Each structure stands twice: as C-alpha cells, then as structure tokens.
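Visitor: With the hints as your guide, set chains B and C onto chain A.
Next come the chains, spelled out residue by residue.
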Amino acid sequence: MSGSLLRRVRVAEVERVANRIKRFRFVDVDNAPLSEFSGGSHISVVMHAGDRLLRNPYSLMGAPSDTSSYQISVLNVEDSRGGSKFMHEKVSVGTELEIGQPLNLFPPAKLAKKHVLIAGGIGITPFMSMMNELDGLHSDFELHYGVRSLEDGAYCKYLQSRYGSRVNIYRQDQGQLIPLERILGDQRLGTHVYVCGPKPMIEWSLQTAKLLGWPDENVHSEQFSAPPPGKQFLVKLARSGREVIVRGHQSILEALEENGVDAPFLCRGGACGQCETQVVACDGFIEHNDHFLTEPERVSGKKIMICMSRIQTGSITLDL
Amino acid sequence: MTVSTIKSRPIYPGLSPDLNARRNIIVCDKAGAAAVTELFSRADSAFAERTTIILADSLSATETQTLSRDLAPAAVEIQPTLADGIARLRQLLETAPMGLRLYAAGSEPLIGLVVQAGLDFSIDHLSIRTEHRGSLMRRVQCVHCKGYIENVTTNPVKCTHCGLTLLVRDHYSRRLAAFQGVCIDAEVPGEIPPTEALYQ
Amino acid sequence: MGLTFRNETFRDDFTYTNSPSNIRRFPFPFVEDQYRYSVNIEPHTPGPKGSPFEHHFDVDEHYVSEMRDRAMVLAADPLRCQALPHMMTAQWDMLELLMTSLARDYPEHFTLHRDGTAWHWINRPLGIDQKFTFLDASTLPYPPMEFIGRQVQGDFSIQDQRDNQLWMDAGIITSQADWSLDFDVGMNFFEWHGPVPLAHEAGVFERALKFLLNLQIGKPVRRLNWTMTINPRLDTSPENYHKWASDRMTVTPENVGQKVHLRVEMQGLFRLPRSNAILFSIRGYLMSLEQIVTVPKWGRRLPRVLASLPPELVEYKSLGRYRDMALAYLAPYDDGAPTSPGGGPD
Chain A
275 MSGSLLRRVR
285 VAEVERVANR
295 IKRFRFVDVD
305 NAPLSEFSGG
315 SHISVVMHAG
325 DRLLRNPYSL
335 MGAPSDTSSY
345 QISVLNVEDS
355 RGGSKFMHEK
365 VSVGTELEIG
375 QPLNLFPPAK
385 LAKKHVLIAG
395 GIGITPFMSM
405 MNELDGLHSD
415 FELHYGVRSL
425 EDGAYCKYLQ
435 SRYGSRVNIY
445 RQDQGQLIPL
455 ERILGDQRLG
465 THVYVCGPKP
475 MIEWSLQTAK
485 LLGWPDENVH
495 SEQFSAPPPG
505 KQFLVKLARS
515 GREVIVRGHQ
525 SILEALEENG
535 VDAPFLCRGG
545 ACGQCETQVV
555 ACDGFIEHND
565 HFLTEPERVS
575 GKKIMICMSR
585 IQTGSITLDL
Chain B
2 MTVSTIKSRP
12 IYPGLSPDLN
22 ARRNIIVCDK
32 AGAAAVTELF
42 SRADSAFAER
52 TTIILADSLS
62 ATETQTLSRD
72 LAPAAVEIQP
82 TLADGIARLR
92 QLLETAPMGL
102 RLYAAGSEPL
112 IGLVVQAGLD
122 FSIDHLSIRT
132 EHRGSLMRRV
142 QCVHCKGYIE
152 NVTTNPVKCT
162 HCGLTLLVRD
172 HYSRRLAAFQ
182 GVCIDAEVPG
192 EIPPTEALYQ
Chain C
2 MGLTFRNETF
12 RDDFTYTNSP
22 SNIRRFPFPF
32 VEDQYRYSVN
42 IEPHTPGPKG
52 SPFEHHFDVD
62 EHYVSEMRDR
72 AMVLAADPLR
82 CQALPHMMTA
92 QWDMLELLMT
102 SLARDYPEHF
112 TLHRDGTAWH
122 WINRPLGIDQ
132 KFTFLDASTL
142 PYPPMEFIGR
152 QVQGDFSIQD
162 QRDNQLWMDA
172 GIITSQADWS
182 LDFDVGMNFF
192 EWHGPVPLAH
202 EAGVFERALK
212 FLLNLQIGKP
222 VRRLNWTMTI
232 NPRLDTSPEN
242 YHKWASDRMT
252 VTPENVGQKV
262 HLRVEMQGLF
272 RLPRSNAILF
282 SIRGYLMSLE
292 QIVTVPKWGR
302 RLPRVLASLP
312 PELVEYKSLG
322 RYRDMALAYL
332 APYDDGAPTS
342 PGGGPD
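Residue numbers (this note's numbering), protein chains in the order written: chain A, 275 to 594; chain B, 2 to 201; chain C, 2 to 347.
The following block holds chain A by itself, in its conformation from the complex (with noise of 0.2 Å):
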C-alpha cells in the first residue's frame, strides 16, 4: 500500500556536469522501456547508505518521452544527511539501485498563455524537463537562471545552445542578480510563474510576485528540502502498540521503515499528502515542516505528515 512501485535499475553513466553536482542516467535493469513522464515529475531514488534506508527525491531531467533512460542531477550537500554524499560517492556505472515511478508535484498550468521559469542552482532541474515538454507543445516561455558561476550552474551551455535567447543566465560571481521586479513587471495576462531554488529565493520570489499585483493562483514553486533534523523522541503506535525512537537526524517515516513499519507515503517533501497521519497524543511541541496541511489542521495537533514533522522533544502517540 505505501510509497510507489519500485523498479530496479542500472547506473548507465555518470557524469560531473558543475562543480558539486553530478548527473546520473539509469536504464531498466532488463533494458525494459521506463515509463513516460510528464515535464516537472520526480522519482524517488531508495539508498542503503551504510546503516541507514534513504529515499530522496530527485527531478527527471530528460526528455519526458524518452523510455529508454531516465536522468536526475544530484548537489552534493555539505550538511548532506547522507543521501547526496552516497549518490557521489558510493554509486557509479554499473551500480543497481531501486527508484519509484515518476510522480508530478510540479506540473506546468496548462491553461497559462506563457511559462516564466525561475531556477536558483540546482533549482534548474525540474525545469529541465518541462521545458522539453514546453518546447514540444510550442508554448511561449522563457527561463531565469541564477548560478554563483559559471562552473557551478549546471547546463548553463546546453540550455543557451538549446533554447537560444529563451534562456537568460545569471552570474552572482559578476554580480549578476535576477531581474524579478522587471520581468514579473512586464508579463502578459495569463502568464504563469514557477520557482525553484533556494528556500530565501522562493520566499523573495512569492513576495515579489504579490508585491506586483499577481494572484496567488498564477504563482507556483517547488523546493525539495530534506526533512530538517532535531532532538530524539518517541513515537508510540496505537494500533500495534510499538514503540519506535526517531533519533535527531531522522524522520518519523525513515524511523518507521527502519523498524519495520509499513506507513504511508509518496513524495517525502511534504507535498503530496500522502503520508497524512491521525495524532492520537502528544506530549511534545509538533514542528510542522510540511507544506500540505491547512494552518487550523496545525493548530488542531490532531494531524502530522510523517515524512518532514517531527516533535521537539517528548513522545506522540500516532494512529498506526
């Protein structure tokens, strides 16, 4: 019942395409064709990086009809919880690891008169693949890419030499800032705008856009965060009476499946609303770190989407 049907793969090459950042192709391990997505989906990829089960989500950077291989570029984090620093360091061609089906948090709007992309650093990815898919359906859109240079910003040569003047590229390390307040100033009824970056981007990004009279409903972004950490504590399960220790680096849901425990999910971003979970007790200050439940849902305490919240310190009884 939970999480997505998993196929396994073969890494069919692996390539460093910016400074930190790699791009990783995978094939069926039967050759068997994959499924077609569409432009803004990720798949999830499961890692067992030494003792621990990670499933991180990654964008699907290729071209959406492309059966043949997928691809996804991954940012070597610094303060990695595990995940990137494995797929750096542990997987190469040859490797066999397991990924989810594509699924779409990100979709362009598809009754938009025109695309205007946003991309900050490895924020470029899902809009790989939905320009592709913008391209084929003759859509009118244009990308914003902020990079600190130009050895760090991913693709930066192939998007200009595909897209030609459909793509503008900033430099921080020339100073080089996005023009937000000028390009959402001069857009066309019906134009949408998506974002993808940085948390403190998209922040300033949803700001301007509401500061120049956009409604809210032409206004879309997306940021894959790892579920922050914190203290240890305790999730008792009502259901099987179990008790599970989520330790400071974890997840409810990585806690769980460590031990065993079959609980819902899907995209692990705190998204999709999948992984929504009844709170029986709760002795503890609940972080909601999702994006999906309502603000009377959080002051409720009676909700908690397992893959990003977590409690201070304490326990929480949870209907499982």
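Check each hint, because a few of them may be wrong.
[Stated by the list, open to error] Label pairs and their in silico Cβ distance ranges:
#: 1; chain 1: A; residue 1: E363; chain 2: C; residue 2: Y36; range: 58 to 68 Å
#: 2; chain 1: C; residue 1: N165; chain 2: A; residue 2: K505; range: 25 to 35 Å
#: 3; chain 1: A; residue 1: Q552; chain 2: C; residue 2: F191; range: 21 to 31 Å
#: 4; chain 1: B; residue 1: I193; chain 2: C; residue 2: T101; range: 27 to 37 Å
#: 5; chain 1: C; residue 1: S22; chain 2: A; residue 2: K364; range: 55 to 65 Å
[To be verified] Among chain A residues calculated to face chain C with C-beta under 7 Å, some are:
#: 6; residue: S309
#: 7; residue: E310
#: 8; residue: N378
#: 9; residue: P381
#: 10; residue: K384
#: 11; residue: C430
#: 12; residue: L540
#: 13; residue: C546
#: 14; residue: G547
#: 15; residue: Q548
[As the list claims (entries may be wrong)] A few chain A residues that don't get close to chain C, going by computed Cβ distances all over 12 Å:
#: 16; residue: V367
#: 17; residue: L371
#: 18; residue: R456
#: 19; residue: P474
#: 20; residue: L480
#: 21; residue: V518
Derived from the structure by calculation, the hints contain no laboratory data. Being a predicted model, the structure only gives us computed values, none of them experimental. Where is the CB? At the ideal position from N, CA and C, for every residue including glycine.
Guide: Here is chains B and C on its own, set in the frame of chain A:
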C-alpha cells in the same frame, strides 16, 4: 437561494481590494455599484485611481450623474447593456498585463459572464473577486436544445427556444456561465408544478 | 476466447439481452444485504479468468452493437464528445493505453504494430485497419480520444490535474446515467459531483479526491457504481431526458421483470504518464431483474438492498415510480436464507 447543497453552485465571498494590483477592472451593474463604493471606502484613494469601472446597466440621466460622482476618482465607463459591458471588458483584457485584478459586483449573470470572459484570458476564477448584489435572476441553459434563457426569475421556466418547461437546477457551469434547465414534465407530459417566483 | 458478438439494439425495439453464459459474469455491485455508501476503491488488478475484472478494459458479447449505438448518438449530437484544447497530450495517452491494452488482452480481435511513431492498428470485429503517426492528429480520421473511444465499450472522461484538483476537461460520453458532458466539461471534481446527495457531507469526495491526486502510473484502481434503467437503453442522457423519462411510466407488475434493469458501472481510474491526467473509464453493464434472479444469491440480496435505500438516493436515482413494483417482483426470490459475502455468485 444563495446557499445550496450542490457544490457547483458558485459562492461569492464579497469584494476586497488587492492593494498590490497595479491596475483594477471592476464590472458592475446599478445594484453592484453600491458594493464598489463600499470597496473604495476600505481602500486608499490611490486604489480608485488605478481602477477602471465598467458600469453595465441602463441608467437615467440622474443615475448616471450620481453614480459617476460616487465612483470617482475611478475612471467610469458606462455601457447600456450587460452584453456591451462584457464586450468592452474583453477589449480591455486583450492588452492587459499581469498585475491586473478583476472584480465583478451585481447580478449573477453579470458575475458569471465576467468570470467566463476571465477564463478565456487565462484568469483563474479564484483570482476574480466577486460580490452578489440585487436581483436573484439567473442565466439558464436548456440541456435539451442548448439555448440560453436570460434573466430567469421563475422556476420552472419555459425555454424560449424549444418551448419545453424546465426545472432550474442549482447545478452551474462556469464555462457556460449558466445554470442547468431540465424538462420538468418528462415522466408525465403536462404534469407541471405551479410556477414560483424564486429568483426575483 | 470464442466471443460471439450479439446483434442487438439499445433503443426502439430493445433486443438487448444477456446470453445465459454472460449472466454469471455480471459485476453484481452489492457485497452485503444492506445498502451502504462507500468509496469502495480497490486496485484494478487482474481478476479471475472470464470475469469482467480479468482485463483493464472488458470486451464482451455486446461490443459490436454497443459501438453501433455510440456512433448513432454521436451522429445525432456531436457534443457528446468534447475535449478542451489543452487536453491533446492526454488524448494520445488514452489512445496508447487503450490500444496497447486491447492488443495485449484480446490478440484475436485487436493488433497494434508500432515502429517508432509509425503505428498500425487493426480492429477485426469493427473492420478497422488504420495506419497513423503517433502524436500527429492529422493522420487519424477523428481526434485521438474519439478515434479510440468509438472502439471501446464504456464511456471515458479525462481529468486534468492542476491546483490540487481534477478537472474534467475531455470526454466521450454516450451511455451515461443522466449527466451531461457538455454541461459538466471544465468542472472540478467537487463540481461535477455536485448533484450527488449525502456523499459530500460524509466527506466521501474529499477523501476520494486526495486519493486520486496521488494515483500513480501503473497502479490503476476501480470501483463499482450502480443505478436502475427502464429498458436496456444506453443513451440515458439529460439531453434526451424528455424522450426516455416517460419509460418509467410504462412499468407494470406484469412487465417489471423484463423492463427494469440494474445498471452497473465499473469505473476504472488510470494515471496517464505524458499528461499527468487521469483517465476515467465508465464501463456499463445492464441486466434485467428477470435475468438477475436466475442467480439465487442475487435474487435474495437485491430486494434486501433496495428496501434499505435512503430516501435521498431513491430520489437521486429516480427509482420512486417503480421501486415498489420491483420489490414485489423480487420478494418471492428472497427465501430469507443468509447470503455469502461479496458480490459474485455462489
């Protein structure tokens, strides 16, 4: 009957100003104009200065004078009919940029046609701010002959195109900007309940 | 397979009926003696051989005649098949899913050759042999949804997914239980279910929507729904309501067993990969009371279920005019014996 158990029946939350919008377009009728004056009282004068009002209704000379004064300092354009008002709206939307906020205040047919025009320009219906004022009259589509019946105030109502007597349901289509009308005496022709003036 | 396609009608002289061998594979929808509204969604995994759940898209003895009736409905009212402009990718998704499924599951009837985007489709029962270029609509005689929709039993709608909602933005609907595609196209999940009583308040649609928004590629689901229809009529549309509603007045204690049909919809839901849309297949099955009671378990259970319906549902499904007659007809078949769980015959 603005509360319904049928979920397709629109809800109009009331006008509120988007103070960040760089331009506002408000479509209203005579009754809706009162909601617009109240809207202006909740915003600064700069809000009204960024606003174009399309007042679509047949007005007397006195009404024209009073309403133009009440709705200043916004630019007020008066259109003699709802259809003219919607045509003018579409013309303005043709060249409008992002940062525009659309509002509608008045009868349900007026709001429905504004929302329908908005959809054609990729304006999400949720981003259009609406307030119902005045008559409860409805725009109805006959599900049988697909003809539209304007300004319906009774239930049942006779289809002006095919002549069938229609039950007006609360089922509403934003795309068509109309409620659904279905033959009321289909089981036993002629067995028609008394006509009620439900939508005055 | 040995399918023999019946030559029958769903209008005028109503010659439709189920062959004796087809009766036991009817997807009887009531799993217990008491009526209870539930979402009853289950994985659409292959069922027992010969059952209507064996394949994703069930083809039975009524196939050819049903397709003929669909063509007649579309000729009279082209608005029964509509797709909003942004649904073209989803239309191709649907065509691919249906063609590959049928060719795999019924190789004696359907064949699909694929060489890149050069496709060759053969439908033997309908005598169709079509070469076309996948993703190029100009190479087909109809838009892709309509082309394949005219060749598969059951109605289809395609839901676009955006803003955490499903939008019914395309469909080919010619045998519906009294709802209008032309009116509902463009509506969201809550809106097009607007007229359904009780379920909104019970939170049924909120839970169902949340479930469907996360529906995954390769993991389709199904559920059963039902209503009753007088005469084996497929086109019970609101558009023609004034032409068929009076059928309800023709039911008498003498003909109730032949006239009143239980109409079951097997609804399948599939995530479409390229468009991220959801295909909703609504495969209808019709069986007269007279044929239902030939299965003793169904003869016992159906009257019990009909007697326990809440009044809102009796009204919504418009059963009021003839429910008592149906109950009187069914009463002798309920000997009071217990029934086994599940819908299938013993």
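Visitor: Next step is simple, just say for each hint if it's right about the structure.
Guide: Hint by hint, here is what the structure shows:
Separation of A/E363 from C/Y36 is about 60 Å and conforms to the stated range, judged on CB atoms against 58 to 68 Å. In this structure, C/N165 and A/K505 meet the distance hint of 25 to 35 Å, their C-beta atoms being roughly 33 Å apart. Between A/Q552 and C/F191 the C-beta distance comes to about 23 Å, which sits within the given range of 21 to 31 Å. The supplied range of 27 to 37 Å is broken by B/I193 and C/T101, whose beta-carbon atoms lie about 52 Å from each other.
Between C/S22 and A/K364 the CB atoms are about 59 Å apart, so this pair conforms to the stated range of 55 to 65 Å. At a threshold of 7 Å, the smallest CB-CB gap from A/S309 to chain C is about 5 Å, leaving the interface hint in force. Checking A/E310 against chain C: minimum C-beta separation of about 4 Å stays under 7 Å; hint holds. For A/N378, the interface hint holds, since its Cβ comes within 7 Å of a Cβ in chain C; the closest pair sits about 5 Å apart.
Taking 7 Å as the C-beta contact cut-off toward chain C, the hint placing A/P381 at the interface holds, the least distance being around 5 Å. The interface hint given for A/K384 is met, as the beta carbon of that residue sits about 4 Å from the closest beta carbon of chain C, less than 7 Å. Hint status for A/C430: violated, given a least beta-carbon distance of 28 Å to chain C, over 7 Å. Given the 7 Å rule on beta carbons, the hint for A/L540 holds: about 5 Å separates it from the nearest Cβ of chain C.
Residue-level restraint check for A/C546 holds (minimum Cβ-Cβ distance to chain C is 5 Å; threshold 7 Å). Checking A/G547 against chain C: minimum C-beta separation of about 6 Å stays under 7 Å; hint holds. The criterion of a C-beta within 7 Å of any C-beta in chain C is met by A/Q548, whose closest approach is roughly 5 Å, and the hint holds. Listed as outside the interface, A/V367 is consistent with that label: its C-beta sits roughly 27 Å from the nearest C-beta of chain C, beyond the 12 Å cut-off.
For A/L371, the condition that its CB be more than 12 Å from all CB atoms of chain C holds, with the nearest at approximately 18 Å. Chain C leaves A/R456 outside its interface by the beta-carbon criterion, the shortest separation being 27 Å against a cut-off of 12 Å. Interface exclusion of A/P474 from chain C stands, the closest Cβ pair being 25 Å apart, more than 12 Å. Under the 12 Å C-beta cut-off, the non-interface status given to A/L480 relative to chain C holds; the minimum distance is some 16 Å.
Residue-level check passed: A/V518 sits 24 Å from the nearest beta carbon of chain C, beyond 12 Å.
Of the numbered hints given earlier, the model fails hints 4 and 11; all others are met.
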